[in-house]
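Letter by letter, the chains look like this.
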Amino acid sequence: MAKIMAGVGCSHVPAIGVAMDTGITHEEYWKPVFKGFKKSREWMKKQNPDVIFLIYNDHCTAFDARCIPTFALGCGAEFQPADEGWGPRPVPAVKNHQKMASHIAQSLVLNEFDITIMNEMEVDHGLTVPLSVMFGDIKQNDEWPALVIPLCVNVVQYPAPTGNRCYNLGKAIRRAIESYEEDLNVIIFGTGGMSHQLQYKRAGLINSDWDKRFLDLMTEDPVGASQITHLEYLRETGSEGIEMVMWLIMRGALNENVTEVHRHYHVPASNTAVGHIILENNA
Amino acid sequence: MTEKEYDNIPGTIVFDADKSREGYHLNQFCISLRLQKNRDAFNKNEEAYLDAYPMSKEQREAVLKREWNLLLELGGNIYYTSKLAANDGINFQNLAGRMTGMGVDSYREMMLKGGRSIEGNRDKSEWGED
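So the protein sequences, as listed, match chains X and G. Position 119, counted from 1, in the first sequence is what numbering that gives the first Met the number 0 calls 118; the numbers after and before it change by one each time, with no gaps. Position 37, counted from 1, in the second sequence is what numbering that gives the first Met the number 0 calls 36; the numbers after and before it change by one each time, with no gaps.
Calculated directly from the structure, the hints in this document are not laboratory data. A portion of the hints provided could be inaccurate.
[What the hints assert, rightly or not] When the alpha-carbon atoms are kept at most 20 Å apart in a straight line, the in silico DMTMM-like pairs for lysine to aspartate or glutamate are as follows:
hint, chain 1, residue 1, chain 2, residue 2
1, X, Lys200, G, Glu45
2, X, Lys200, G, Asp6
3, X, Lys94, X, Asp141
4, X, Lys200, G, Asp50
5, G, Lys112, X, Asp63
Since the structure is predicted, the reported quantities are computational estimates derived from the model, not experimental observations.
Here chain X stands alone, though its shape is the one from the complex (with noise of 0.2 Å):
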């Protein structure tokens, strides 16, 4: 049977892919961001996962404003990195475990969860930064090392799902993997924050010490993580913290005692705090 084995909570700042596609990794600027995903990435390598279940949001590119689903599962044979604006990242096609996300589709639908299924889906920066920071380069014409299954997650037009019922998504994700006949080693990635404000005349707005306590209850409370409000995102995290509510499915995904293997923090990437946690499920 399939097994998630952990999950990877992992900012998904557009820069970050920028400063990986130009090789300014090593400019100052950028070193103390790299730095804090060395472990990450020598821990990937390790855990050599078949399929990444990752949960990140699209910024307008494979959904404008025409159709805003709420969850969005990703059922295509394969997704190509989306032009943005400023061309395609060059960074290879993503490939899907097929089979397995139809199950998935089919699993989530029976448990109350009325996903929205694309079969043609563009993935932006949002999927393919976290596969850089944690897989490291990876180039054009070669292959990411892992089938990848996105989940995509309004989180641009509020409300966000709550924190609540990302949580208990989360869940029903485990059920569909978990069920899934092949043997397959399985990450679940979330995406996304920590605190940061893109617009308006607060933009700029980290909360250091917020952020700092999210990553602890990540590993300690994630019943308690689940319970935030909206309100308190956007007041203490900035307009676009709100994307932290996408970290409750990987954390919903997995047992509630869990293994914290690393953690990295790092103001700033752009307008953004990076953050980073790595869950080991306890066998």
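Knowing the structure of chain X, use the given hints to seat chain G on it.
Then chain G, alone, in the frame of chain X:
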């Protein structure tokens, strides 16, 4: 309009269903600039390109004058308006420098020093606003 629980957060526009409705055509115009062929057409003749998007007069003026904060007040969302900015060669951080009124250099400097503190930035009363 009924007051919303997030209305008292200073310097912040929450892009909710009301804003989304108001800004629909403005945002659809902005996102069209994701593609090079559309950027080329827009840059060739902004007025003619905008005719295809039935936005309000105020929204149209704000686009032509690149009034970044006003665009948000009129229903624009940052992930959309940032495409217009990118077309003009303005990245996210430089756009933030403009929206905050700080200018690009002092904004970048603030971020390097850990960003804008939450202290004094939770409630409009702390900004001397209602």
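### Query
Has the given pair, Lys200 (chain X) with Glu45 (chain G), been kept, meaning a C-alpha gap of at most 20 Å?
Roughly 27 Å separates the two Cα atoms, so the pair is violated.
#### Entry: Pairwise hint evaluation, Asp141 (chain X) against Lys94 (chain X), where the allowed Cα distance is 20 Å at most
Holds: Lys94 (chain X) and Asp141 (chain X) sit about 12 Å apart, inside 20 Å.
### Query
Does the alpha-carbon distance linking Lys200 (chain X) and Asp50 (chain G) stay inside the 20 Å limit?
Roughly 30 Å between the alpha carbons, so the hint for Lys200 (chain X) and Asp50 (chain G) is violated.
### Message
Run the distance test for Lys112 (chain G) versus Asp63 (chain X): straight-line Cα separation, threshold 20 Å.
### Response
Cα-Cα ~34 Å, so violated.
### Message
Please verify whether Lys200 (chain X) and Asp6 (chain G) have alpha carbons no more than 20 Å apart.
### Response
14 Å, holds
Against the hints set out earlier in the document, violations occur for numbers 1, 4 and 5.
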